[in-house]
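Asker: So the protein sequences, as listed, match chains H and F. Just so we're aligned, residue 1 is where the first sequence starts under my numbering, counting upward by one. Just so we're aligned, residue 208 is where the second sequence starts under my numbering, counting upward by one.
Please keep in mind that the hints were generated in silico from the structure rather than gathered at the bench. Mixed in with the good hints, there may be bad ones.
[Unchecked claim] Computed beta-carbon distance windows for the label pairs:
| hint | chain 1 | residue 1 | chain 2 | residue 2 | range |
| --- | --- | --- | --- | --- | --- |
| 1 | F | A252 | H | Q10 | 36 to 42 Å |
| 2 | F | A226 | H | V45 | 15 to 21 Å |
| 3 | F | H267 | H | V45 | 33 to 39 Å |
| 4 | F | M292 | H | R169 | 51 to 57 Å |
| 5 | F | A223 | H | V45 | 28 to 34 Å |
| 6 | H | V49 | F | H267 | 40 to 46 Å |
[Unchecked claim] Pulled from the structure, derived: some chain H residues nowhere near chain F, Cβ distances all over 10 Å:
| hint | residue |
| --- | --- |
| 7 | A30 |
| 8 | F44 |
| 9 | A52 |
| 10 | H131 |
| 11 | F143 |
| 12 | L154 |
| 13 | L166 |
| 14 | R169 |
| 15 | A170 |
| 16 | P203 |
Glycine included, every Cβ here is placed at the ideal spot set by N, Cα and C.
If you want the building blocks of each chain, they are given just below.
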Amino acid sequence: MPEAKAFASQFVSTHHRDDAAELGMWVFIATEVLLFGSLILGYFVYRHVYPAAFAPTLSSARQIPQFCLPPAFSWLAPSTPSPPRRGRYASCCYPAPSCWDWLSLFKAIEYSDEYREHLVPGIDFSFDAAHGNGAQLFFMFYFVATAIHALHMLVGIGLLAVLAVLTYRAPSTRHGAALHSTALYWHFVDVVWIFLFALIYLPGRSS
Amino acid sequence: MTGWRPPLPLVAAWLALLALLALTVTLAYLPLGAFNAVAALLIGATKAVIVAAVFMELRHRGPRIFMFAGAGLFWLGILLWPGLMDFLTRT
Numbered sequence: 001m002p003e004a005k006a007f008a009s010q011f012v013s014t015h016h017r018d019d020a021a022e023l024g025m026w027v028f029i030a031t032e033v034l035l036f037g038s039l040i041l042g043y044f045v046y047r048h049v050y051p052a053a054f055a056p057t058l059s060s061a062r063q064i065p066q067f068c069l070p071p072a073f074s075w076l077a078p079s080t081p082s083p084p085r086r087g088r089y090a091s092c093c094y095p096a097p098s099c100w101d102w103l104s105l106f107k108a109i110e111y112s113d114e115y116r117e118h119l120v121p122g123i124d125f126s127f128d129a130a131h132g133n134g135a136q137l138f139f140m141f142y143f144v145a146t147a148i149h150a151l152h153m154l155v156g157i158g159l160l161a162v163l164a165v166l167t168y169r170a171p172s173t174r175h176g177a178a179l180h181s182t183a184l185y186w187h188f189v190d191v192v193w194i195f196l197f198a199l200i201y202l203p204g205r206s207s
Numbered sequence: 208m209t210g211w212r213p214p215l216p217l218v219a220a221w222l223a224l225l226a227l228l229a230l231t232v233t234l235a236y237l238p239l240g241a242f243n244a245v246a247a248l249l250i251g252a253t254k255a256v257i258v259a260a261v262f263m264e265l266r267h268r269g270p271r272i273f274m275f276a277g278a279g280l281f282w283l284g285i286l287l288w289p290g291l292m293d294f295l296t297r298t
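Chain H extracted, bound-state conformation:
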């Protein structure tokens, strides 16, 4: 029986395979850009219609350290761009658990705070009467956008965890390519957070 080849029959080399994987991930990222882009289009439209309601919400000071520092460390997470040599991929996945902590702990604190402050649209929402409608729209955007982002992080953390195990057991160039694609995805999710952070947490602090 012939030995299993490192790449499938449609490729001429491992480099060809890795190249196709990278292009495929960029195509996927383009579709993701449009997914989050449509949310952001909605944000801009309603921010234009309800400028006052989209600024002063969520401006309590405690949220700044909570929500910029942990993502700051997630940038470090899979520092794979120049993939380390074989057998060392696994070390890139170690920071993933810290992001898991960030996700579960801070999201839980954040969402429960909003629930207690009656800021969840549809569940006993209350806000000052003048800005009530706009604020509901803002919080709809806020919950949908942050929840979809959290879902993406969950997927990324799951992929990194699986790849950490796989590469620890039997490192191969195939796993290296998979890790590279995962890293691209992971950093894209960070880029999404950069913009959500600027749109959700920063407005309205100067007034």
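Position chain F against the provided structure of chain H, taking the given hints into account.
Answerer: Relative to chain H, chain F alone:
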């Protein structure tokens, strides 16, 4: 653990991102009027460029990957520009 250490560009990019984060948070507290939002988005775009160039390795890639990466931005532009034109110009 292995002796692998992150390459210098990664560390430099990470420090730059932290510096920009500090800058954007500081600017958010200054009363600059409409410039607050512009500054936040400009700094966000700068951070995104750093992540794409260094962490996503675009600076080492050729025109083919640029086209695939740029396609997302191109369609995002089409989504946002005509999408917002109506709302921003309606009186």
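Asker: If a hint holds in the structure, say so; if it does not, say that too.
Answerer: We went through each hint and held it up to the structure:
1. Separated by about 38 Å at the C-beta atoms, A252 (chain F) and Q10 (chain H) satisfy the suggested range of 36 to 42 Å.
2. The supplied range of 15 to 21 Å is broken by A226 (chain F) and V45 (chain H), whose beta-carbon atoms lie about 32 Å from each other.
3. Separated by about 38 Å at the C-beta atoms, H267 (chain F) and V45 (chain H) satisfy the suggested range of 33 to 39 Å.
4. Taking 51 to 57 Å as the suggested C-beta distance range, the pair M292 (chain F) and R169 (chain H) conforms, at roughly 54 Å.
5. At roughly 32 Å, the beta carbons of A223 (chain F) and V45 (chain H) sit within the given window of 28 to 34 Å.
6. For the pair V49 (chain H) and H267 (chain F), the beta carbons lie near 43 Å from each other, so the given range of 40 to 46 Å is met.
7. The Cβ of A30 (chain H) sits about 3 Å from the closest Cβ of chain F, inside the 10 Å cut-off, so the non-interface label is violated.
8. Taking the minimum C-beta to C-beta distance to chain F, about 6 Å, the non-interface status of F44 (chain H) is violated against the 10 Å cut.
9. Every CB of chain F is more than 10 Å from the CB of A52 (chain H) (nearest about 14 Å), matching its label as outside the interface.
10. Distance check on H131 (chain H): its Cβ is at least 18 Å (rounded) from any Cβ of chain F, clearing the 10 Å threshold; non-interface status holds.
11. Every CB of chain F lies more than 10 Å from the CB of F143 (chain H), the least distance being 21 Å, so the non-interface label holds.
12. Non-interface call for L154 (chain H) relative to chain F: holds, since the shortest CB-CB distance, roughly 20 Å, exceeds 10 Å.
13. Taking the minimum C-beta to C-beta distance to chain F, about 17 Å, the non-interface status of L166 (chain H) holds against the 10 Å cut.
14. For R169 (chain H), the requirement that its beta carbon stay farther than 10 Å from each beta carbon of chain F is met, with the minimum near 16 Å.
15. With a minimum CB-CB distance of about 16 Å to chain F, A170 (chain H) clears the 10 Å threshold, and the non-interface call stands.
16. For P203 (chain H), the non-interface assignment is contradicted: its Cβ lies about 7 Å from the closest Cβ of chain F, within the 10 Å cut-off.
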